[in-house]
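Asker: Same order as they appear, the protein sequences are chains G and S. All residue numbers for the first sequence refer to the working numbering, where the first residue is 1 and numbers rise by one. All residue numbers for the second sequence refer to the working numbering, where the first residue is 1 and numbers rise by one.
Think of the hints as simulated: they come from the structure by calculation, not from any bench. Keep in mind that this is a model prediction, so the values were computed, not measured. Quick reminder that beta carbons are idealized off the backbone N, C-alpha and C, glycines included. Take these hints with a grain of salt, some might be off.
As the list claims (entries may be wrong) - Between beta-carbon pairs, the in silico distance windows are:
1. G:Lys30 - S:Ala162: 44 to 52 Å
2. S:Glu276 - G:Gln81: 27 to 35 Å
3. G:Thr35 - S:Ser4: 40 to 48 Å
4. S:Lys111 - G:His102: 38 to 46 Å
5. S:Gly68 - G:Gly54: 43 to 51 Å
6. S:Gln49 - G:Asn76: 26 to 34 Å
7. G:Ile14 - S:Pro157: 54 to 62 Å
8. G:Gly46 - S:Gln169: 53 to 61 Å
9. S:Glu276 - G:Gln90: 22 to 30 Å
Unchecked claim - Derived SDA-like pairs (lysine to any residue); straight-line CA-CA distance at most 25 Å:
10. G:Lys93 - S:Lys213
11. S:Lys245 - G:Ser85
12. S:Lys111 - G:Ala94
13. S:Lys165 - G:Ser80
14. G:Lys43 - G:Met1
As the list claims (entries may be wrong) - A few chain S residues facing chain G, derived, Cβ under 7 Å:
15. Lys245
16. Ile246
17. Met249
18. Trp254
19. Gly258
20. Ile262
21. Leu264
22. Thr265
23. Leu268
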Amino acid sequence: MKLVDVEKISEDLILAREVTGKSGNVLLAKGTKLTVSMGHRLKNWGVQYAYVEGEDLTSEKNYVAIDPNAISDRLNIIFSQSLNSEIMKQIYKAVYEFKISHGAP
Amino acid sequence: MKNSLEIRKTIETVSNIPTLPIVIEKLTKLLQDPKTSAEDVGKAITSDQVLASKVLKLVNSAFYGFPGKISTVTHAVVILGFSTVKNIVLTASIFNAFGKKITENSFDIEKFWLHSIACSAAAQCISRHVGHIDKEECFIAGLIHDVGKVVMCNFLPVEFQAVLKDREQRNCLLYQSENDILHITHEDIGGIICERWNLPKTLQSAVKRHHFKGTEKDFSIVDGIVHAADIFVRALDYGNGGDNKIPIMSECVWRNLGLKEIELTTLLHDISEEVEKASVFMQVLNS
Numbered sequence: 001m002k003l004v005d006v007e008k009i010s011e012d013l014i015l016a017r018e019v020t021g022k023s024g025n026v027l028l029a030k031g032t033k034l035t036v037s038m039g040h041r042l043k044n045w046g047v048q049y050a051y052v053e054g055e056d057l058t059s060e061k062n063y064v065a066i067d068p069n070a071i072s073d074r075l076n077i078i079f080s081q082s083l084n085s086e087i088m089k090q091i092y093k094a095v096y097e098f099k100i101s102h103g104a105p
Numbered sequence: 001m002k003n004s005l006e007i008r009k010t011i012e013t014v015s016n017i018p019t020l021p022i023v024i025e026k027l028t029k030l031l032q033d034p035k036t037s038a039e040d041v042g043k044a045i046t047s048d049q050v051l052a053s054k055v056l057k058l059v060n061s062a063f064y065g066f067p068g069k070i071s072t073v074t075h076a077v078v079i080l081g082f083s084t085v086k087n088i089v090l091t092a093s094i095f096n097a098f099g100k101k102i103t104e105n106s107f108d109i110e111k112f113w114l115h116s117i118a119c120s121a122a123a124q125c126i127s128r129h130v131g132h133i134d135k136e137e138c139f140i141a142g143l144i145h146d147v148g149k150v151v152m153c154n155f156l157p158v159e160f161q162a163v164l165k166d167r168e169q170r171n172c173l174l175y176q177s178e179n180d181i182l183h184i185t186h187e188d189i190g191g192i193i194c195e196r197w198n199l200p201k202t203l204q205s206a207v208k209r210h211h212f213k214g215t216e217k218d219f220s221i222v223d224g225i226v227h228a229a230d231i232f233v234r235a236l237d238y239g240n241g242g243d244n245k246i247p248i249m250s251e252c253v254w255r256n257l258g259l260k261e262i263e264l265t266t267l268l269h270d271i272s273e274e275v276e277k278a279s280v281f282m283q284v285l286n287s
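Let the hints inform the model, and build the full structure from the sequences given.
Answerer: Structure below.
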């Protein structure tokens, strides 16, 4: 299992975990064969990363310990008044990626 | 409740606001004299035993990275240099003056200092990434950037409580509530304190203008570094300066510091490492 940026989803990837929305509703079920347009749709729903099947070339151990939704929920609170700025969007993305890669809550 | 003029007057004149110890003044004079020896500086610091023990605790921490034990202040001066030791003394003095909260309200002083210390570490880290030489200055500027908040908390309890209540109700940034309720902010109050303490102009400026709203002509590198450090530390969720929101990064600071050219995830990684090393400052604060 590996975590991929939804913008980098390609046609041959299969979801390894269901993708849920902010209220916990299932957006895509585990096992769904992904398409590029699904990746765009996930992005529009505010999802930035998804777990897909395949070998993780970094560290799967770190990834499974953290919940990407919890990270984005927290960042959405902190950044709630600043995401109209392009710079702040870049910072948000960098912090999200940093927290995912370091397993930080 | 006092208005902004009365608040300014209170902060400018009230006699029980902590002053920095005489040793800081002595050190400033000693550092201006080229004949000063490490021993002179060591003697000046050890005249205040409490301060000297805190200084030794800090210089022996992982933050300064010396594997061997530094057993005397004079030894610390030889190894770390005059200016670093002066900044360590300043740090210990600020903790002595404002480390504890003396009023009852919902302001979390421990999280406040955690945010301030993280901001120091981040400012020092950013200064290295953007090629600014005086990282010590950035460390102190980060540490004291929000000192106006703790002054308000301790010396303007009624006004500060009104600000905290408004901030909670509106779920906004603390300085927005300060501005709307009191028409004076922690930047202004911190600036007055720095003037009273006779701190260098660069530090005064960073305290007064860390929520940078200026243009190119107002830009100063230390102000910009502290502005950016505050934002990165909030984004990484280290401590809490009184709100859980994040102000917008000034485009002017972003451009002038060259942050858009820097790999942000690398910078964040370095900041997190520096913050971890700086955790010893929390221990000294609480000791």
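Asker: Is 26 to 34 Å respected by the C-beta to C-beta distance linking glutamine 49 of chain S and asparagine 76 of chain G?
Answerer: Violated - the Cβ-Cβ distance for glutamine 49 of chain S and asparagine 76 of chain G, about 49 Å, lies outside 26 to 34 Å.
Asker: Going straight from one Cα to the other, do lysine 245 of chain S and serine 85 of chain G come out at no more than 25 Å?
Answerer: Since the Cα atoms of lysine 245 of chain S and serine 85 of chain G sit roughly 14 Å apart, the hinted pair holds (cutoff 25 Å).
Asker: Just to be careful, I want the Cα atoms of lysine 93 of chain G and lysine 213 of chain S compared with a cutoff of 25 Å; is the pair within it?
Answerer: Roughly 24 Å separates the two Cα atoms, so the pair holds.
Asker: If I claimed the Cβ atoms of glutamate 276 of chain S and glutamine 81 of chain G lie 27 to 35 Å apart, would that claim hold in this structure?
Answerer: Given range 27 to 35 Å: holds, Cβ gap about 29 Å.
Asker: Could you say whether the range 44 to 52 Å given as a hint is met by the Cβ separation of lysine 30 of chain G and alanine 162 of chain S?
Answerer: holds (51 Å)
Asker: Using the C-beta atoms of glutamate 276 of chain S and glutamine 90 of chain G, is the stated range 22 to 30 Å upheld?
Answerer: Holds - the Cβ-Cβ distance for glutamate 276 of chain S and glutamine 90 of chain G, about 24 Å, lies within 22 to 30 Å.
Asker: Please verify whether lysine 111 of chain S and alanine 94 of chain G have alpha carbons no more than 25 Å apart.
Answerer: holds (24 Å)
Asker: Minimum Cβ distance from leucine 268 of chain S to chain G below 7 Å?
Answerer: At 4 Å from the nearest chain G Cβ, leucine 268 of chain S passes the 7 Å test, so the hint holds.
Asker: Taking the Cβ atom of glycine 68 of chain S and the Cβ atom of glycine 54 of chain G, is their distance within the range 43 to 51 Å?
Answerer: With Cβ atoms ~49 Å apart, the hint holds.
Asker: Mind checking the CB of threonine 265 of chain S against every CB in chain G and telling me if the closest is under 7 Å?
Answerer: holds (5 Å)
Asker: Can you verify the interface hint for isoleucine 262 of chain S: is its Cβ closer than 7 Å to any Cβ in chain G?
Answerer: violated (10 Å)
Asker: Just to be sure I understand the hint, the distance between the Cβ atoms of glycine 46 of chain G and glutamine 169 of chain S should be within 53 to 61 Å; is that true here?
Answerer: violated (27 Å)
Checked against the numbered hints given earlier, this structure breaks hints 3, 4, 6, 8, 19 and 20; the rest are met.
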